[in-house]
Structure formats: C-alpha cells, structure tokens
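Participant: So the protein lines, in turn, are chains Z and P.
For the first sequence, this note's numbering assigns the number 31 to the initial residue and increments by one for each residue that follows.
For the second sequence, this note's numbering assigns the number 39 to the initial residue and increments by one for each residue that follows.
I should point out that these hints are in silico values taken from the structure, not numbers from a laboratory.
Backbone N, C-alpha and C fix where the C-beta goes; we use that ideal spot for every residue, glycine too.
Be aware that one or more of the hints could be misleading.
A few chain P residues that face chain Z, going by a derived Cβ cut-off under 8 Å, partial list only [stated by the list, open to error]:
hint: 1; residue: T61
hint: 2; residue: G62
hint: 3; residue: V69
hint: 4; residue: M70
hint: 5; residue: L86
hint: 6; residue: L99
hint: 7; residue: R128
hint: 8; residue: E132
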Amino acid sequence: MKILLNGEPYETVARFVSELIAEQAPAVRVAAVVNDRVVPAAEQATTALAEGDRVELLTFAGGG
Amino acid sequence: MNQEDDALVLGDHAYTSRLLLGTGKFASADVMARAVAASGVQIVTVALRRFDRDRPDDALLTPLLAMEGVTLMPNTSGARNAEEAIQAARIARELCGSRLVKVEIHPNPRHLMPDPIETYEAARVLAADGWLVMPYIPPDPVLAKRLEEVGCASVMPLGAAIGSGQGLASAELLKIIVREACIPVIVDAGLRAPSQAAAALEMGCDAVLVNTAVADAGDPPAMAAAFAQAVAAGRSARRAGLMPVGQEAQASSPLTAFLQGGERV
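With the hints as extra help, turn the sequences into a complete structure.
Facilitator: Structure (structure tokens):
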C-alpha cells in the first residue's frame, strides 16, 4: 500500500501504525500522526492504515 | 541564603535551579549531556523533528532520560501558528508525558521574533487544557500580563534575538514585566555571557534560559557551569537587596585628618 510518510511517498506492507513504526525500527520512542490526528501510543496497534494516508512519525531533537 | 527555601515554582513543581538549558546546536549529544550535568539544570528544552532513520541524531534523548532530576520541556519551534503549536504540544506529550511546554511561534526565520497573537491563542487553549505553558514572547508587559491571566505557568520574554548574543537589549521592558508579574519571568534568548544572566536575576527575573551561549562556547560544559554560578549569584544578590544608586561619592572609609596634621609616628 502506498502512503505518504513524513511528506514522502512510501510503500509499506504495514497494516497498523505499530507495524509501520516497527518497520522503521527507531532506537527511540516516536509519536505518530495519521491524517493530522495524533495517535496515542495505546492505539497504535489498533489504528489501521489505509491507502493514501498521510503519516508523520516524530521524535525529539536538540532545540532551544 | 538557603536555596532550598527559594524554589522556582512552575505550576505544582518546584525547582532549585534557576537556569534552563536548550539542547540545540551542540557538537554532539555527549557534549550536550555533559553541559546539562555540569550546570545542574533541572529543565531542558527539546524540539520536535520528523523521525529519519538515516539520521540517527535522535540519540539525544537517551542520555537525557537517563539523567535523574532532569525534566524535558518540549518546544513548539517550527509551528507557524497557534493550531500547529497546539498540535506540536500534543505530539510532544505522547513522547515524554510532560505537561511543560514552551510555546514558541516565530514565523519569520530572518528575525525569529515571536508572533504575539498566535502565541497568546495557543497559550490560552493549552493552559485551559491543563498544560504548564511557558510562552516565548517579545518583551511586552501587556502581553505578559494577558498571558498570566489565561493561566500560563511563566512568561519567557526575550533578552535579544535568538542566537544573537546581544544580551539584555530589552532590559528596561523586562524590569516593567518583572514589576507587574505574579508568575515567574524567565529571560529566554539573546544572552551571551554569564554576567548578563546574573544581571537578569539581579533585576528580578526569576530564571534564564540559554542555549547558543553554551553550545557555541569554546568549552560548553565549563560555560554551562559558569552560567549556573552566575544565575545563583544574581539571585542571591537580588534577595540580599542591592544598594541604591547615588548621585555623589559617599566615603566608605573614615576621612580623618591624620595626613594633614603631621602627627605621624
């Protein structure tokens, strides 16, 4: 399925947000936003992805 | 004086350190972590960024989370309006669970001046939603008071433009903000030297937030420690009460005439 991941076209076999995150294998915790909705950590495993979804995965970086 | 009875209170949290440190611009996560440790800060800011598995600088978080007594204060940098800032705060809460948020909305990258209207709107919504809102603002006493009235935990007026190192360019306005405020006033941005941080505390500001001044120093951990000492000295001086400024000389030694009398033994 094709989605938009962090603004870029992305092909994934992930069916749920949690699977997409696992696919990215982040070393730190990431937050997920699907079509502008913040997905709480507890709902990542049950939030299904659909063709064309806009998904943002975010983490902390240095900042002032 | 005892620091224990002189805490910086933000909402229901009390902090003994009156220095807050940003985590941007450091040469490495290791240098940043050593600066945090050397300064004894209890609040550090972090920014949100898209996760990029090809850029593993996300290593920042691991050392910070391992440090005892360090609270993360996510900022909303990158938000261009209130709606984006509110969304950023909600995303950040998913990452760290913190109720502290630095509302930072500066739409123009050339001068990075905070947008007072969008900042006020974001702060109003987030404060009503239970956040400890720390808005980064222009040094405007009216805006500061309005933000206090909507329930912000502090106000963070700028000393000078972000990263400029121009010091307390806004000093006279900061004094008015301090005089009127019933919530902590934290000078955020523009400082270069520890003496400026001391001056901010001496004039009654409750704390300062620095980043570039430490990150771009020759020895960031040593500079972080110097800022911590300056902030503590400035606060002690404020509490001790500075002497008034006089118009004329006032002798501090007795002016007895032993030189004129020719009676030296």
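Participant: Return the numbers of the hints above that this structure violates; sort them in rising order.
Facilitator: Those not satisfied come down to hint 3.
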